[in-house]
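Spelled out from the first residue to the last, the chains are:
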Amino acid sequence: MHPVRYFKPWRMWRHHDVEKTYDVVIVGGGAHGLAMAYELAKRGVKKVAVLEKSYIGAGGSGRNTTIVRANYRTPEGVAFYKEALRLYEQLAQELDYNLLFSQQGHLTLAHAERAVNVAHERAEVNRLLGVDSRVIYPDEIGRLCPVLDLSDRPAFPIMAALYHPPGGVIRHDAVVWAYARQADRMGVHIHQDTEVTGVVVEDGRVAGVRTSRGDISTRVVVSAVAGWTSEVARMAGVRVPIVTHPLQAFVTEPLKPFLHVILVSATLHVYVSQTDRGEVLIGSEIEPYSSYSQASTLNFLEVTAKHALELLPMLGRVKMMRAWGGLCDVTPDYSPIMGLTDVDGFLLDGGWGTYGFKATPIVGVTMADLIHTGRVPDLIAPFAVSRFWERRLVSEIAAAAVSH
Amino acid sequence: MTFLITCPNCGPREALEFSYGGEITRRAGPGSSSAELTGYLFFRENANGWQTEWWLHRDGCRMWFLAERHTFTNEIRRTYPPGSEPPVDAQAPEGAA
Numbered sequence: 001m002h003p004v005r006y007f008k009p010w011r012m013w014r015h016h017d018v019e020k021t022y023d024v025v026i027v028g029g030g031a032h033g034l035a036m037a038y039e040l041a042k043r044g045v046k047k048v049a050v051l052e053k054s055y056i057g058a059g060g061s062g063r064n065t066t067i068v069r070a071n072y073r074t075p076e077g078v079a080f081y082k083e084a085l086r087l088y089e090q091l092a093q094e095l096d097y098n099l100l101f102s103q104q105g106h107l108t109l110a111h112a113e114r115a116v117n118v119a120h121e122r123a124e125v126n127r128l129l130g131v132d133s134r135v136i137y138p139d140e141i142g143r144l145c146p147v148l149d150l151s152d153r154p155a156f157p158i159m160a161a162l163y164h165p166p167g168g169v170i171r172h173d174a175v176v177w178a179y180a181r182q183a184d185r186m187g188v189h190i191h192q193d194t195e196v197t198g199v200v201v202e203d204g205r206v207a208g209v210r211t212s213r214g215d216i217s218t219r220v221v222v223s224a225v226a227g228w229t230s231e232v233a234r235m236a237g238v239r240v241p242i243v244t245h246p247l248q249a250f251v252t253e254p255l256k257p258f259l260h261v262i263l264v265s266a267t268l269h270v271y272v273s274q275t276d277r278g279e280v281l282i283g284s285e286i287e288p289y290s291s292y293s294q295a296s297t298l299n300f301l302e303v304t305a306k307h308a309l310e311l312l313p314m315l316g317r318v319k320m321m322r323a324w325g326g327l328c329d330v331t332p333d334y335s336p337i338m339g340l341t342d343v344d345g346f347l348l349d350g351g352w353g354t355y356g357f358k359a360t361p362i363v364g365v366t367m368a369d370l371i372h373t374g375r376v377p378d379l380i381a382p383f384a385v386s387r388f389w390e391r392r393l394v395s396e397i398a399a400a401a402v403s404h
Numbered sequence: 405m406t407f408l409i410t411c412p413n414c415g416p417r418e419a420l421e422f423s424y425g426g427e428i429t430r431r432a433g434p435g436s437s438s439a440e441l442t443g444y445l446f447f448r449e450n451a452n453g454w455q456t457e458w459w460l461h462r463d464g465c466r467m468w469f470l471a472e473r474h475t476f477t478n479e480i481r482r483t484y485p486p487g488s489e490p491p492v493d494a495q496a497p498e499g500a501a
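Same order as they appear, the protein sequences are chains L and P.
Residue numbering for the first sequence follows the working numbering, starting at 1 and increasing by one per position.
Residue numbering for the second sequence follows the working numbering, starting at 405 and increasing by one per position.
These are calculated hints, taken from the structure and not from any lab test.
Keep in mind it's a predicted model, so treat the numbers as computed, not measured.
Don't be surprised by glycine CBs; every beta carbon is placed ideally from N, CA and C.
Some hints could be false.
[To be verified] Now the in silico label distances, taken between C-beta atoms and shown as ranges:
(1) P/A439 to L/E202: 22 to 30 Å
(2) P/P434 to L/R277: 53 to 61 Å
(3) P/A439 to L/Y55: 20 to 28 Å
(4) P/R482 to L/N299: 43 to 51 Å
(5) L/H372 to P/G487: 27 to 35 Å
(6) L/D173 to P/F476: 20 to 28 Å
(7) L/P165 to P/R482: 48 to 56 Å
(8) L/H372 to P/L441: 13 to 21 Å
(9) P/L445 to L/R205: 22 to 30 Å
(10) P/G426 to L/D276: 22 to 30 Å
(11) P/L445 to L/E121: 24 to 32 Å
[What the hints assert, rightly or not] Looking from chain P toward chain L, a few residues come up when the C-beta cut is under 7 Å (computed):
(12) T406
(13) T442
(14) Y444
(15) F446
(16) F447
(17) R448
(18) N450
(19) N452
(20) H461
(21) F476
(22) N478
Hey, can you work out the whole structure from these sequences and the hints?
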């Protein structure tokens, strides 16, 4: 018996037989794919299928560290994530589901003069585009986060921080489930345990997909598979400038609430937040080699714990409870790849690196607009894969990753 | 990064001693078109399976060498210096053109 069917009374989305034809097939049942499906259904697109090789939210959607923010560096990036943040603020109401959104504020710590300069640059770009960000100094940092070690004891003392008050955390699984429930209610078919094994292209145009549960004919296929984007794009014969890197995180045992902001340090390659359950969630930069393995490693725990203690020495005797890894599809300019490709009807939503979850609602809206109207929305026009052929890169490396 | 890499000079060492140099690429030579240069600069196979790639023994002999690694299991089946003959049983990376 199908496990989803077993818990019948509590089911938030239904099981369907795979039909022979759909108007739109979305590959990947994560937050992005489900958000697109929901927005397409809202626009009146009748037959939409979301194909997930595992269970929904099994990939990056269930493995990210739930941070939402808009304090990017490029005007293209800031405008895009600003809209994502605005939609997140009203998402619980839109989807009728408690998403536990906590806009507690986001601090990007600067431990060097160069980092202070980057913080100023980001603050200026943000404010020009209407995003609340400013540079603050140790006295104010200390008031926001008294547990932070602001002394000159660490090798790299904290000099300043980029403070982004609307940044926060939102429950990642709830976002996935809320989108799935609403999409299902509006007639979207969510197919779990359904792996796409091929994309059928005839005369430069998408004709269908082959899956582990039979062939489907469709004119539109969207790849929303994060770390596996290269593989799905290859099925359609589309080349992508992507390398897949693992990213790891861990949580400690639960503590009383003591950390009321999100801390990020590019110098220490670490970021820290406290979850609603009290666990201290600590993440790191991407692993320095490419891999499709989601296993966690001891080396990561050692290095990341050591760096976290530079910021928060009071965590010294706290036990690590759980660790995990996920896959990031990293692009050369640390900006996503969204929109049309050379294959008519094959759309990309990938290259999300470490910043996919925070873009979810605006990805749903813009990709659904693109599919529904055939016109590329202004917000995502800079992120087309063609930017690499035209040398119009959108360099977000200074603001997108903790490693830079 | 918890696997071993066999340096052609120094033998098996922890992967932490090495720096990753990415999958092998075919350099766009003189007279290449802009598109060929762009492909060489940015576009990658990113195989989920066996991949031939560059590693530097950073904390050892500082040699750049080639390794055939499975990108899902991180198993390394062969390492060899650049310029040496590729192994007879070498398979092209999965999905490679």
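Cross-check of the supplied hints:
1. P/A439 to L/E202: 22 to 30 Å: holds, 25 Å
2. P/P434 to L/R277: 53 to 61 Å: holds, 60 Å
3. P/A439 to L/Y55: 20 to 28 Å: Check failed, 40 Å falls outside 20 to 28 Å.
4. P/R482 to L/N299: 43 to 51 Å: Hint violated: Cβ distance 24 Å, outside 43 to 51 Å.
5. L/H372 to P/G487: 27 to 35 Å: Violated, since L/H372 and P/G487 (Cβ atoms, about 54 Å apart) do not stay within the stated range.
6. L/D173 to P/F476: 20 to 28 Å: Holds, since L/D173 and P/F476 (Cβ atoms, about 25 Å apart) stay within the stated range.
7. L/P165 to P/R482: 48 to 56 Å: With Cβ atoms ~53 Å apart, the hint holds.
8. L/H372 to P/L441: 13 to 21 Å: violated, 37 Å
9. P/L445 to L/R205: 22 to 30 Å: holds, 29 Å
10. P/G426 to L/D276: 22 to 30 Å: Once the Cβ atoms are compared, 39 Å apart, the range 22 to 30 Å for L/D276 and P/G426 is violated.
11. P/L445 to L/E121: 24 to 32 Å: Between P/L445 and L/E121, where Cβ atoms are some 26 Å apart, the hint holds.
12. T406: Check passed: Cβ of P/T406 comes within 5 Å of chain L, closer than 7 Å.
13. T442: Cβ of P/T442 sits 5 Å from chain L, so the hint holds.
14. Y444: Status violated, d = 11 Å.
15. F446: holds, 4 Å
16. F447: holds, 5 Å
17. R448: holds, 5 Å
18. N450: holds, 4 Å
19. N452: For P/N452, the interface hint holds, since the closest Cβ of chain L sits about 5 Å away, which is under 7 Å.
20. H461: violated, 14 Å
21. F476: holds, 5 Å
22. N478: Holds, because the Cβ-Cβ distance from P/N478 to chain L comes to roughly 6 Å (cut-off 7 Å).
Consistency note: the structure conflicts with the earlier hints numbered 3, 4, 5, 8, 10, 14, 20.
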